[in-house]
Amino acid sequence: MNICLKSYILKFIRQNKITNLIVLLIVSIILLIASLFVGASDIKAKEILSFFAGGNVSVSAKSVIIYARLPRIISSYSCGGALALSGLLLQAALNNPLASPGIIGINSGAGFFVVMTSILFPSVFSAKFAAAFLGAILTALLVIGIAIKTRSSKSTIVMSGIAISSLMSAGINAVITIKPEAVMDKTGFSIGGFSSVTMGPIEYIAPIIIIGLLGAYILSSRLNILLLGDEVASSLGLNVSLCRFLTVSFASLLAASAVCIGGLISFVGLIVPHITRNIAGTDYKWLVPITTLTGGCFLLLCDTLARIIFSPYEIPVGIILSFLGAPFFLYLLLSKKRRLEN
Amino acid sequence: MIELQNVSIGYENKSIIKNLSSAFSDGEFTCIIGKNGSGKSTLLKAMDGILSYSGQILLDNIEIMELPRKERAKKISYLPQIRQIPDIEVQTLIAHGRFPHLGFSRTMTIEDNDKVLYAADLTSVQDVLHRYIRELSGGERQRVYLAMVIAQDAETILLDEPTTYMDINHQIEIMKILSKLNKAGKNIIMVAHDLPQAFTYGSEIKIIHNGTIIEAGCPVSLCRSAKLKDIFGITLEKSQSAEELYEYHLTK
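Here the protein sequences line up with chains A and B, keeping their order.
Counting with the numbering used here, you get residues 1 to 342 for the letters of the first sequence.
Counting with the numbering used here, you get residues 343 to 594 for the letters of the second sequence.
So here's chain A without its partners, still in its complex pose:
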């Protein structure tokens, strides 16, 4: 496509942010409804419509809708939003486009603490969530601490994140091997999946995700200032350290929420913010809601694909995300290298 035309279209899309938001809301509603109608179980559309209209539905269809599809759809949408927003916040806080909760080890840190707590308090969900948040924030602070202490480059932050992520993943695998009962669905937890989700945890996590979203929105004008670099931001009166700490805390809260429900889902926090920056520019007041909605749509779409691609069998959504995310990560690395060479 002609470069001028491409930049004109991009500019047009960026300038119509309210339209983007409305379109995303409509797409979200369409996807949420459409994904109810697809899945491994063969339920007729008429039965689903009848269920929501309060009509007579077979017991099996009713249980599939209530106990399988609804929790799965709601959890994948909310986790997608939470992870995408977490990635956006981390990229802003670390001023690093390669940062995401999966890559810098926040997900693995949260996951390790979750499996450890699952052994001690197997049925206390609040304990698991508290542990996930603690694991997420400790890992984030460890990676940032290494970065500050060594004054390392952006790539080094990512590499230390990958190293800590591997360490935490090894811890998770060790715990699961010794105590297999620590998680219900070992594969689903390790690579991310929603096949065994129930409504209970979602009801608990949903308000926390909303708190994270509100926190991110309140921070958005400060993140716009942080974009100018630490020295300019400080000179404009921003408490850079506090802003960064709060941003990382909200990112950890959001990632921990997603880990508690869907396990170690990777790449959503990396891919989605890159897409939304093209749609919404770099104004965080718009980026925060647009990224959340896009993340929800993205993960819901991927999970719906995971449910139907090998129907009647289902695969964990993490597999699809890895197929999409790994090449995307390489693309980012190579484009960064190209930019440096130029």
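Just so you know, these hints were derived from the structure itself, not from any lab.
Be careful, since some hints might not be right.
[Stated by the list, open to error] Covered by chain B, per the in silico footprint, the following chain A stretches (three or more residues, Cβ under 8 Å):
# : region
1 : 225-234
2 : 237-244
3 : 280-290
From the three backbone atoms N, C-alpha and C, an ideal C-beta is built for every residue, glycine too.
Based on the hints, put chain B in the right spot on chain A.
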């Protein structure tokens, strides 16, 4: 007035500024000159409260670190030498200069918008307000950042080598804007690398060497200073011809 009393700054076990005392009077266009690594930029950062220090830096007799961050930002603005090139529009960047003046909702008032337009007008970037910063030339970007600092509307403006890497026309353009700001009542404190430029536009020159100010005065009194000769190996002379670019030129 900014007063520095026994200020020392160091990092990584290295002492950069050593027991420095000096005063920056109101209404002056002060140029800080010195060799690379003499502590010019470090001093400027400390004066903006970005770097921690021992000793005292007083702004109108109040220690700057005791001022709330936003209050400090309303009184002192700072333009670093190296800046990010964010993917935002020119108007948005200039409007960021109003950040310390905005309330919790960060809503811009009519007065804030007026200050943004005044800054854009003064730096002649009013025609590129809706363009992205990445699309601009180096000189235009510099003027846009300067506009942001002007929109901040602080009494004192600190600038770290604002004309580095710019072609001569853009350098003069920037210096004329700074001169205009100074005449409008702003205190300009600038780290300069171009001596004829500093001596032409500055009303006060401070020579910094090995982390301390070794000499200060007006350009006329300092142009043939022995310390200037010691440090740079040159002196300056007032130009005789009106055709010359600067009022001073370098001599051996």
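To see whether the hints hold, each was checked on the structure:
1. 225-234: holds (count 7)
2. 237-244: holds (count 3)
3. 280-290: holds (count 3)
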